[in-house]
Amino acid sequence: MYPSALHSFTFFPRHSNGGPSRLLNPSPTISKDQGGHHLPRFAFFAAVIAAACLAGSPARPPFGPCVPPLRRQTMSCNCTIVVAIFIVIILGAGHAVTGARVGAMMIRQPSSSSAQMFREAPAFWNGAECAADGGGRVDIAMTLDANYLRGTMAAVLSILQHTACPESMVFHFLTAEVDDHGLVAALRASFPSLDLRVYRFDPSRVRDRISRSVRQELDQPLNYARVYLADTLPADVRRVTYLDSDVIVVDDIRTLASVDLAGHVLAAPEYCHANFSNYFTDAFWSHLALNGTFRGRRPCYFNTGVMVMDVVKWRAGGYTRRVEEWMAVQKRRRIYHLGSLPPFLLVFAGHIRAVDHRWNQHGLGGDNVEGRCRGLHPGPISLLHWSGKGKPWLRLDTRRPCSVDYLWAPYDLYRYSSPVIEEW
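Using this note's numbering, read the sequence shown as starting at 183 and increasing by one per residue.
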């Protein structure tokens, strides 16, 4: 009797390409009993409830439409929804379930701990090439945020997978979370051998300095943490490679991290063909005291999501204060629109060590307003960067991916892109 009440429920994890995977990698929540053999018992109770709800109802598919004039059908439909919610709660006891689809309705389920949401990555060990050249320590800095944790996981995996010296990587994470235990636990669960350090970034340090930009994400205090990187890292860190959370590295990061800075504070790919004037407002260019800022230097655009920093020189030169001074000008007179990038350009444009463009294939997230799809730029690639509004994990989950998003998908450690209960 009760199997018929459940036959249209089929639980599918979403495959790494964003589509449902009916045949590959079935959810362990369904395929085997987890933790104390409680699922079969819950499933039986769900079936009993379903049978009770549907008893006496008109014969029809369990997820047929509710027809308002027929009271018995309405009651049956409501019972079906109750059963669906009950099953979602049951499944959530084993693994995180983002939601269940009942007809046209999506029932959201609070996610479980972050540590359970991600698979454990393979173990990586230093190779022979690393032993040959000494395999010196490489310091990498990133931010750690619940909204971008999935991107951070993928970025870390890509770095470890493509370097000859994964055991030489030291990751420094800056987080604005008051309680970061879940985020850190997720990282340690997926990368048990990872050398990682976590630092608390106080949002109040920068909140009053932030001016509204073209996209809300750019206004978040953690987006400005890179300004305070040198002030946050311990004294033994003399050079650091900063990376945004929406990147994938497909080359040995040591090549970028060891670039000759030639006396400069920063190194990054430079783009001198870009119209530099577009990054600042008319109020900037029309102001006599401001428009001479770039006089005597050849300013070029560079993306602050991929930078190599001489931490010692940054501290000695008081560059945190210099960037903050431009942020103060912005508060008084709107001279730019793009978050933390323009003050970096005002201080460093024309004064950085340029590295090969292959180290920042940026703009894959589209523009900052609509996030439309963009293709790859011609030439070799060492790092893919989804800067812009569109993020690959979001586009894959909504089944509206861009072609470049499939380059990100193999590094996704998330257990289920967007698990749902779907009708068979």
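In short, the hints are calculated from the structure, not lab data.
Please read these numbers as outputs of a predicted model, since none were measured by experiment.
Every residue gets a Cβ at the ideal spot worked out from N, C-alpha and C, and that includes glycine.
One should not assume that every hint holds.
Derived Cβ-Cβ restraints for the label pairs, each shown as a range [what the hints assert, rightly or not]:
id : residue 1 : residue 2 : range
1  : Glu311    : His533    : 30 to 36 angstroms
2  : His363    : Ser386    : 18 to 24 angstroms
3  : Glu311    : Ser375    : 17 to 23 angstroms
4  : Gly318    : Asp549    : 35 to 41 angstroms
Against the structure, the hints:
1. Glu311 / His533: 30 to 36 angstroms: At 34 angstroms between Cβs, range holds.
2. His363 / Ser386: 18 to 24 angstroms: 21 angstroms, holds
3. Glu311 / Ser375: 17 to 23 angstroms: 19 angstroms, holds
4. Gly318 / Asp549: 35 to 41 angstroms: About 39 angstroms separates the Cβ atoms of Gly318 and Asp549, which means 35 to 41 angstroms holds.
Every hint, counting from the list given before, is met by this structure.
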